[in-house]
Amino acid sequence: MVWVSSPWKIALMVFPAFILFTAFFVYPIVYAGGYSLTDAAGFSGADFIGLDNYLALVDDPFFRRSVSNTLLILVLSVTFLVPASFGLALLMQQRVRAAGALRALLFGPAIVAPILVGLVWVFILDPRVGLLNHLVEPLGIPPVQWIGGDSLTPYSIAVVFIWASVGFAMTIFYAGLQLLPREVMEASSLDGASRWQQLRFVTVPMMRETIGIVSLLLITNVFKIFELVYMLTGGGPVHSSETLVSYMYFVTFTDQRYGSGMAIAMVVFVIGAITSLAYLALSRRGRLA
Amino acid sequence: MSAPVVENAMTRRGRTMSGSPTPTPAPKATAGRRMRRPAILISAAAYLITFLVVLPILWITLLSFQQSDTILSDPFSLDSLILDNYRNVLETLPLVQMYANTIIIALVSVTIGTAVSFMVSFALTRMVFRRRGTQSFLRFYLLSGLAVPVYVLLFPVYRLDLALGIYGTYLAVIIPYVAVSIPFNTLLLTGFLRDFPSELEEAAIMDGAGLFRICWSVVLPAMRPILATIVIFNVVYVFNEFPFVSILINDPDLATVSLAVSRFQGQYTVDYGGMMAAATLVLLPQLAIYAVFQRHVIAGLTAGAVKG
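If you're matching them up, the sequences are chains A and B in order. Per my numbering, the very first residue in the first sequence carries number 1; after that it's consecutive. Per my numbering, the very first residue in the second sequence carries number 1001; after that it's consecutive.
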């Protein structure tokens, strides 16, 4: 294709994307990195203070709480979601009437705006108007503070995240299962493998790569949980239910402590980069270079 | 990425569904009798789980027909269902404007994002750079964006918008949406173009076609499926996006659907019925569109799974 490759034609094709991406994606990261080293806040100027913002984060109880909440949600949801969605994909492979429609319904939550997911779940979890407390009330159980109390919120957020992700993860597993060579499955059942043995020694080992991909995807998604917190509790009471990202948003935009906000943003950036690179390394189809 | 995998599985499923029963090895005739009971249990489990997943949606739909004090006292009651909530919401909620704002922003940003990504992907896979190193570096540079959580960009982009004087306008979100879409679009487009034979284009060049003709009338028509995936993924992203729009748009008249939803709790406070009617009015069109384009949406979103 040398014929159409004069330098100015190449420039014409490359520059729009290159400039937009550099100005609104790469430059902002550099800008955030730079700001994280200053004491910028409100309308005051920005003085260079080295790594002080990062050091201050270590002693910030709200930041530590946001990290532990995020990790709690991560552990709860990933350890539950991976086996559950895998099992669900296996279930959907069986003879079930209208399985296609069921799969479509299960995937449904994945297309609903996270902000709307949050609003919907307010009406499930809210101690006063929520469905859950209406259900436990007749059993004589006093209203439970599923959200807005000082301990249960991260667990509830994990449940909502599971709700929103289970069909999505199931769909990827299901696609992977469909692509398993049928001969191997038939051979193993001819050899007298029980269903359990087949699952344990044939299906799961062959799905190892997909299991890794789904796990990493869910991990990256947990670190992006923001709208759920925003709608369910706003991070309260007293920042006890913040996640990393929601606390970054609060520090930067509500408190206007831009320097520390950007330090948290850089923490989010590093975590995101590591998990995404692990993901790309694992899904070999995503050759970078 | 996972796009082709999912797409393959989808078409395979389509074929097997219409013809033979299931893709799994059919149970042996002798096992047939013993299979009965587990088969019923399996179906029951599948339906129960699906019901639990759909339940929250059914719940808010029910609430949207209740009076607000019934929601507090006896929300399960089916005696006093009303339509007043919808009447109120249609009067108080600028539905048309919300959707118009969102559609304008989505159309412009997705069109520009797809166009510039296509151009750079064509250059990366088809054009001959004087130094090959430049080409592979450029691809690596754009794709590295996949690893970045967009939250890092929020504050810097806010400052950029202020500096450029576009803060609070449609452009304030359109430009970042374009920038954020470039890595993923480039990944899918370069992947597709690499596997796509260039004979057609070479023939067109022999016929004297220029660069624009080649792109517009030869390559683009052949790329329809992958373009559909990209457009759907990006449109869903723009419709659901909240962090950027919550910071960059301050004028309620320019609010997108997501931004409007985030204000329902403040707007309707204790008018729970109204809030649920508003939520239902936002949710139902989205689910209806999903129902129509289901297969494309699933392929698009699972392909988008690689987005950072």
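Hints in this document: simulated from the structure, not taken from any laboratory. Treat the hints with care, as some may be off.
Partner residues are not named here, just some residues of chain B that face chain A (Cβ under 8 Å, in silico) [stated by the list, open to error]:
1. LEU1058
2. SER1117
3. MET1119
4. VAL1148
5. LEU1153
6. ALA1179
7. VAL1180
8. LEU1200
9. ALA1204
10. ILE1205
11. ILE1247
12. ASN1250
13. ALA1279
14. VAL1297
15. ILE1298
Even glycine gets a Cβ: it sits at the ideal position worked out from N, Cα and C.
Problem set entry | Hinted contact B/LEU1200 with chain A - closest CB pair below 8 Å | Violated. Min distance 12 Å.
For this session: Identify whether the interface hint at B/SER1117 stands, where standing means a beta carbon of chain A within less than 8 Å of its own.
Result: Holds - the Cβ of B/SER1117 comes within 8 Å of chain A, reaching about 6 Å at its closest.
Exercise. At a threshold of 8 Å, is the proposed contact between B/VAL1148 and chain A supported by beta-carbon distances?
Worked result: 6 Å, holds
Exercise. With a cut-off of 8 Å, does the beta carbon of B/ILE1298 approach a beta carbon of chain A closely enough for the hint to hold?
Worked result: Constraint on B/ILE1298 satisfied, holds at 6 Å.
Exercise. For the hint on B/ALA1204, does the least C-beta distance to chain A fall short of 8 Å?
Worked result: Since the shortest Cβ distance to chain A is 10 Å, the answer is violated.
Problem set entry | chain A contact restraint on B/ALA1179 - CB to CB distance below 8 Å | With Cβ-Cβ at 4 Å, under 8 Å, it holds.
For this session: Using 8 Å as the Cβ threshold, decide whether B/ILE1205 counts as touching chain A.
Result: It holds, given that the least Cβ distance between B/ILE1205 and chain A is near 5 Å, below 8 Å.
Problem set entry | Interface hint compliance - B/ALA1279 to chain A, C-beta minimum distance less than 8 Å | This hint holds: B/ALA1279 lies near chain A, its Cβ roughly 6 Å from the closest one there, short of 8 Å.
For this session: Answer holds if the nearest beta-carbon of chain A is closer than 8 Å to that of B/LEU1153; otherwise answer violated.
Result: 4 Å, holds
Exercise. Does the nearest C-beta of chain A fall within a distance shorter than 8 Å of the C-beta of B/LEU1058?
Worked result: 10 Å, violated
Exercise. Do the numbers back the hint for B/ILE1247, that is, is its least Cβ distance to chain A under 8 Å?
Worked result: 6 Å, holds
Exercise. Does B/ASN1250 meet its interface restraint, that is, does its C-beta lie within less than 8 Å of any C-beta in chain A?
Worked result: 12 Å, violated
Hints 1, 8, 9, 12 from the list above are not met by this structure, while the remaining hints are.
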